[in-house]
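Student: The chain contents come next:
2 protein chains.
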Amino acid sequence: MTDVTQIELRAPYLVFIGDTDVPSFAKTGFGIVQWRRQQVAGQLRFAGNSLDLGVPDMDIQQAVAAGVKSILIGVAPIGGSVGPRWISVLAEAAAAGLDVVNGLHLRLEDFPEIVAAAQASGAALVNVRVPPPGLPIGSGNKRSGRRLLMVGTDCAVGKKYSALALAAAMSGAGINASFRATGQTGIMIAGNGMPIDAVVADFIAGAAEVLTPDNDPQHWDVIEGQGSLFSPAYAGVSLGLLHGSQPDAIVVCHAADRRNIIGSPQARIPTIAECIDLNLRCGRITSADIQCVGVCVNTTGLAASEREPYLAALSTELGLPCVDPMTDGCEPIVAHIRRCF
Amino acid sequence: MTDVTQIELRAPYLVFIGDTDVPSFAKTGFGIVQWRRQQVAGQLRFAGNSLDLGVPDMDIQQAVAAGVKSILIGVAPIGGSVGPRWISVLAEAAAAGLDVVNGLHLRLEDFPEIVAAAQASGAALVNVRVPPPGLPIGSGNKRSGRRLLMVGTDCAVGKKYSALALAAAMSGAGINASFRATGQTGIMIAGNGMPIDAVVADFIAGAAEVLTPDNDPQHWDVIEGQGSLFSPAYAGVSLGLLHGSQPDAIVVCHAADRRNIIGSPQARIPTIAECIDLNLRCGRITSADIQCVGVCVNTTGLAASEREPYLAALSTELGLPCVDPMTDGCEPIVAHIRRCF
Chain A
1 MTDVTQIELR APYLVFIGDT DVPSFAKTGF GIVQWRRQQV AGQLRFAGNS
51 LDLGVPDMDI QQAVAAGVKS ILIGVAPIGG SVGPRWISVL AEAAAAGLDV
101 VNGLHLRLED FPEIVAAAQA SGAALVNVRV PPPGLPIGSG NKRSGRRLLM
151 VGTDCAVGKK YSALALAAAM SGAGINASFR ATGQTGIMIA GNGMPIDAVV
201 ADFIAGAAEV LTPDNDPQHW DVIEGQGSLF SPAYAGVSLG LLHGSQPDAI
251 VVCHAADRRN IIGSPQARIP TIAECIDLNL RCGRITSADI QCVGVCVNTT
301 GLAASEREPY LAALSTELGL PCVDPMTDGC EPIVAHIRRC F
Chain B
1 MTDVTQIELR APYLVFIGDT DVPSFAKTGF GIVQWRRQQV AGQLRFAGNS
51 LDLGVPDMDI QQAVAAGVKS ILIGVAPIGG SVGPRWISVL AEAAAAGLDV
101 VNGLHLRLED FPEIVAAAQA SGAALVNVRV PPPGLPIGSG NKRSGRRLLM
151 VGTDCAVGKK YSALALAAAM SGAGINASFR ATGQTGIMIA GNGMPIDAVV
201 ADFIAGAAEV LTPDNDPQHW DVIEGQGSLF SPAYAGVSLG LLHGSQPDAI
251 VVCHAADRRN IIGSPQARIP TIAECIDLNL RCGRITSADI QCVGVCVNTT
301 GLAASEREPY LAALSTELGL PCVDPMTDGC EPIVAHIRRC F
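For the protein sequence lines, the chains are A and B, in the order given. With the first letter of the first sequence counted as 1, position 231 gets the number 231 in the numbering used here; the numbers rise by one all the way through. With the first letter of the second sequence counted as 1, position 72 gets the number 72 in the numbering used here; the numbers rise by one all the way through.
Next up, chain A with everything else stripped away, as it sits in the complex (with noise of 0.2 Å):
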């Protein structure tokens, strides 16, 4: 293998919010207090915003004198701009030996005062969105360990939340297994990951195999999944992951309520059934016993009457089960993977 790495975040985590006030740009703030509370020790608010994670506020003097080891930007403020008191915050930050980590598409080595500020301190500056240097073609070499990789009908369909349910029921069964980010979101979530789609082409596989390095025998990473086959833009994407992913196992995400691919409305959404086969057809290359183990379908484009049958006839038609994660929980499909595995 290698020695490159996958990003990695030193908690605890202050979590900037500044003055953001839509809770719908705040998604990657909510979900660190919602899967890493622990982590978590507050959050900074400019004086009168009142988007509240639920965590203390603090300012950096605050944050340095609880122990947190890096500021994560919380926010992303569609057509918003990243004004002074942004930039000036984040040098304080830095200037303090905070990280700073970054998901939006700015990078923080253009802002001088953070630069400086970081230099001075050996603070360090994390753009998630940029793949760590040296990662390697993939060799299709098989690994020690088991790996489930969440597979998607579309994007934008749950791969990430479910993947962050399941490996979270997992655990509260007893499993060993471990949440695997392949997006910015996901990689402020998990404290450490690969910005999959940001990887040069040659090397997708490469990175997918970096992410999910040999393991324990018993070992589970359930890998975030990314895009999908049957998507235009980015079905080359989601193919070099499943290869390098090497997967014993994929749960198929859903949306019950979509008819066609987001961004190529001319592209029909595939069946379950289509998208489980071609999934592992195109899997068995890497990874010969290759089987689906769950559907995790967001129903929330149904009526509150017809979800229950839907997804009672779903996991008739295809012998597995069949869960809503958001409001059914995972542990159907736990219970299934104990049984294959």
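It should be emphasised that the hints constitute simulated quantities derived from the structure, not laboratory data. A few of these clues could be false.
Which copy? The list can't say, so a pair holds if one copy fits it or any two copies do.
Stated by the list, open to error - Each computed SDA-like pair below joins lysine to any residue, with the alpha-carbon atoms no more than 25 Å apart:
hint, residue 1, residue 2
1, K27, E317
2, K142, R268
3, K142, T300
4, K69, L51
5, K27, R85
6, K69, V89
7, K142, P265
8, K69, E308
9, K142, T271
10, K142, Q266
11, K142, R259
Using the hints, position chain B against chain A.
Tutor: Positioned in the frame of chain A, the structure of chain B alone reads:
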């Protein structure tokens, strides 16, 4: 679509050989002379080098007088060094106003002498391994014109050669056809193209869309393939290229004596029928009527007596023209394309 375009080179060319005297290190130079002889004004060899592309020797001054617009590095000395004499000659060319075109892994911008010379004269420095900026996400929107993509059972099975040979045969038969390059050698031969495996993963399909934009309804793009859907290392590139190319037709390329995937000896080469089937299945996502129109086999690994029976049996099995383009040419495939379209 977008205003982003592929890489474009300015002909005629002076092909730089320098002190490289190993013919296998000069594949790019030989390829340019073989396929685009009319674009090549001459070669530049250091005194005493007997390696000969079969074109006139020229120094920079003579090249300028002959109207040369670009100097192309026509060699890739593996393990060899790019010495100070190289830099000095390339800087002299840049100072004289010639674009400097580089397909090696180095970047011309890292040589201050070349950069300064180019800035003074206005010459361009072109690294053909570096994708153009601003590539879009793939849309999957249907484009006008016909497209044919070379796909492979593995890497390094003759996809570039086959595409060049088929495009030439189609042109020879009066079909309006253009070779579309997706790798550095192909780009230097074609004079334009897109280094698809160097694109960031999210933009593979979008880059292929930029490479093969709307065209006349009867025009054919003959697109150089990359990798293989069956390659554990590179399949993501291949799938993104397949989706972005929207091919009306594919031709499968295969090496008759290959048993295992290059670089992944644990992975077996698929049958040609399997390769056709998976490419058509995945390709239908952006090109509903995609079909396979032929097979190009590199038969150099077979005994001379085996060659014809092998191709005949394959042709019978698949119901498609099967040729070795090196020895048979591509005319049977051209004839089949005429029947199908």
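Student: Each hint should be assessed against the structure and marked as holding or not.
Tutor: Checked hints:
1. K27 - E317: This pair counts as neither: shortest intra-copy Cα distance 35 Å, inter-copy 55 Å.
2. K142 - R268: between (34 Å within a copy, 14 Å between copies)
3. K142 - T300: neither (39 Å within a copy, 32 Å between copies)
4. K69 - L51: within (23 Å within a copy, 60 Å between copies)
5. K27 - R85: within (21 Å within a copy, 56 Å between copies)
6. K69 - V89: Answer is within: at 15 Å inside a copy they meet the 25 Å cutoff, but 52 Å across does not.
7. K142 - P265: Intra 38 Å, inter 12 Å, cutoff 25 Å: inter-copy only.
8. K69 - E308: neither (45 Å within a copy, 69 Å between copies)
9. K142 - T271: Classified as between: cross-chain Cα gap 23 Å, same-chain 30 Å, threshold 25 Å.
10. K142 - Q266: Close across copies (9 Å), not inside one copy (38 Å); limit 25 Å.
11. K142 - R259: The answer is between: 19 Å across copies meets 25 Å, while 37 Å in one copy does not.
Of the numbered hints stated above, those contradicted by the structure are hints 1, 3 and 8, listed in ascending order.
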